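A.B. asks: Could you slot chain A onto chain W? The hints should help.
Sequence lines, in order, name chains W and A. Just so we're aligned: the first sequence equals residues 2 to 266 in the working numbering. Just so we're aligned: the second sequence equals residues 722 to 987 in the working numbering.
Heads up, some of the hints might be wrong.
Claimed, not checked - Okay, the calculated bits of chain W under chain A, using three or more residues with CB under 8 Å as the criterion:
hint : stretch
1    : 6–12
2    : 16–23
3    : 134–148
4    : 248–261
If you're looking for bench data, these hints aren't it; they were derived computationally from the structure. These figures come from a predicted structure and were not determined experimentally. Don't be surprised by glycine CBs; every beta carbon is placed ideally from N, CA and C.
For reference, the chains in residue letters:
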Amino acid sequence: MTLYVASGCGGTGRELAPYADLGALGGFVTRTLTLDPRRGSRLRISESPGGLVRAHLLQNPGVDRFLTHEMPWLAQQGVPTWASVTGASLDDIAAVVRRVATAPGLTGIELNLAVDDPAALRLHDGSTPKGAAAAVRVVLDALPDNLGLHVKLGADVRRLPALARAVAEVGADALVVGGALPASLPNGTPAELSGPAILPTALRAVRAVRDELPEFPLIGVGGVTSAADARAFEAAGAFAVQVGTALLHDPSTLARITAELEEQS
Amino acid sequence: MTLQATADVRASERIGAFQHVTLAAPGVVETFRPGNFVSIALHDGSHLSRRSFWVHRVRSSSSSGATIDIVVRPTGVGSSWLAGLGVGASVDLIGPLGRPFAQPKQAVPCLLVGEGYAAASLFPLAERLVERGCPVSLLLAADTAAEVIDGLDVRRSAEAVTIVTADGSMGAQGTIAQALPGALQRSGASVVYAAAPAASLHAVAGISEQHGAWSQVALEVPQPCGTGLCHGCIVPAVGEDAIAHRVRACAEGPVFRGDRIQWGLL
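Looking at chain A on its own, in the form it has when it is part of the complex:
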């Protein structure tokens, strides 16, 4: 059940290039599934678009009660405002939203591929997959070391963690497209979950298919409302009826099967 609520900022911490913001969100925590996102509105009366954020961590009980952590890269008006909020400030929050990652019925090896802050959405998924007995490998990519997402707990429970950066400042120098074939081979994964900019997701979908693995990708396109109302986050995708449709990233996604997206039209 999606809820709209006023959520208080319980903590806010800068880690590398990203602000990790902890929000009190009891209703969201109960129904959250990995791949869901939350939507936040600015209160200034001028900026009408809502902002969507990936959820990095969900805690049903902590010293701050039920909370979610979101990862913010402060680049635009909305993200900078959110990153600058102090503890005790409150935001208009809607969540959980969107179609989550489909999880395998059996305990098969899974490879989770994330780039930059988008990789946040893979951490709750990794936790669930490990709980279900799936061997989980991680491939994390970023432009620089500062943009490699923090998340030690999950990294410890993973079978293997590969890190690549475009400038070589952490891990090997390289990109997702370059590192993925090796990571697929080492992990023996039959399912690939990915969250990254569209160009990298396109590569993930193609390379996974070549290796006979299913891919599910969490797509990030600008979402004016995040709730499915405006039809502004259109994705060209082939449906289960094998017919191409224009669907909404926020409502029919954000998670899609990699082979369903018409990448050339995106």
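One chain only, chain W, in its complex shape:
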């Protein structure tokens, strides 16, 4: 079972390195990058039982600063790095992919279409089959052949089957299914709920896509804290899982899951 670090939960990689062998992972997925920097607000995270609620403002330094300040270390350490990307328009998405694809050491792109309110965040709307397919098409056009493409679709089970089919028809190496759910911070700021509390919803999402696309490679994400959780995603039809919020609580989670999986095999 392959493990990934979920987008937005591994810092720049350096901060996670003391607790996990990043080179042994399926991949380290960066926080989502946009063409220009995006700045976050102050109150960004609060607790909910078994979960964290995070304002999703795509706060990131912009693709250029990522390439100069973060990517070189990841490449030097041999970390299989997946750049999570999105953009305000199809042109923006293509531009981000073209820039990031020049980075030595990059393994692939994770196109992030799992944003619940793209208009509010000034993003291309990839939540419809048409919008998703168009985004995947521009990424494929901009992507060198040696780089992989994962497409993150979210956890909305009513939309997922049609969305997954549309993306699969254009082409991708895997779909990332599950992940944070729309939520609100106590002060009303739009946010996302992640952590063990959402695991059952992510399993349902993976099953929904598996039913629609019985053969397509799926990566499950949402609430994984143990090898048993990873196995549950495998049983639902995923070949790999991403570990995210659990790392914020215990940065050694990946090492522990790896050891648990080895013990069981």
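C.D. replies: Leaving out everything else, chain A in the frame of chain W:
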């Protein structure tokens, strides 16, 4: 080197408004530098955020081995749980974390300004500065006498200790902003180190600059993970490249030069 370990509670004592918790932490003690903090996780399976704590005292050897003391104000779920732990209980501890205070190369007079429990982080610093021959003055502030942090050893080695409380129940009645100009003049300090709520740190940064002193401030903002992974403790700061960035209090801080923080945006 940052370590994650299971740390046993060796002592826990209520002093005024704060619980002083002593934890066995051999690996942390060896690499700790003043300004570093530690991060502790709750074990209840429900609360996922880690909690960050200032280190009040570091002992490389005592009857309990290598220990650190942290100062806890029991107000929320995490701090109340930690303050209520008995001797022998254990916690998941990560530390030392964060960028420490930069210490002067020469033995210059230093003024250490602390408010409430945050002042804890200044006590290991005071010890180091005194060892290096720096004349150290302390300005301690709090709302009430019960919230003036305990720490007699360091107070004895200081040149001067000024205490102010908002209600006048200990020392003079007043705030950091009111007492700082006088303390700066009396100490002749060229470097000010501060640990306090953000509003007081803002005042420290401004007043220090007016008096021609450098300030370094230990900033406390909520830190969901404490380890740099979540980007949830964002601070607007101007970098060495003179460009404004959003940086993490836990990873690029918690200690910043006072003149680097964009206080109006914080």
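A.B. asks: It remains to establish, for every hint, whether it holds in the given structure.
C.D. replies: A quick look at each hint next to the structure:
1. 6–12: Held - the stretch 6–12 of chain W has 4 residues with a Cβ nearer than 8 Å to chain A, which meets the minimum of three.
2. 16–23: holds (count 4)
3. 134–148: Check failed, 0 qualifying residues.
4. 248–261: holds (count 6)
Hint 3 from the list above is the single one not met by this structure.
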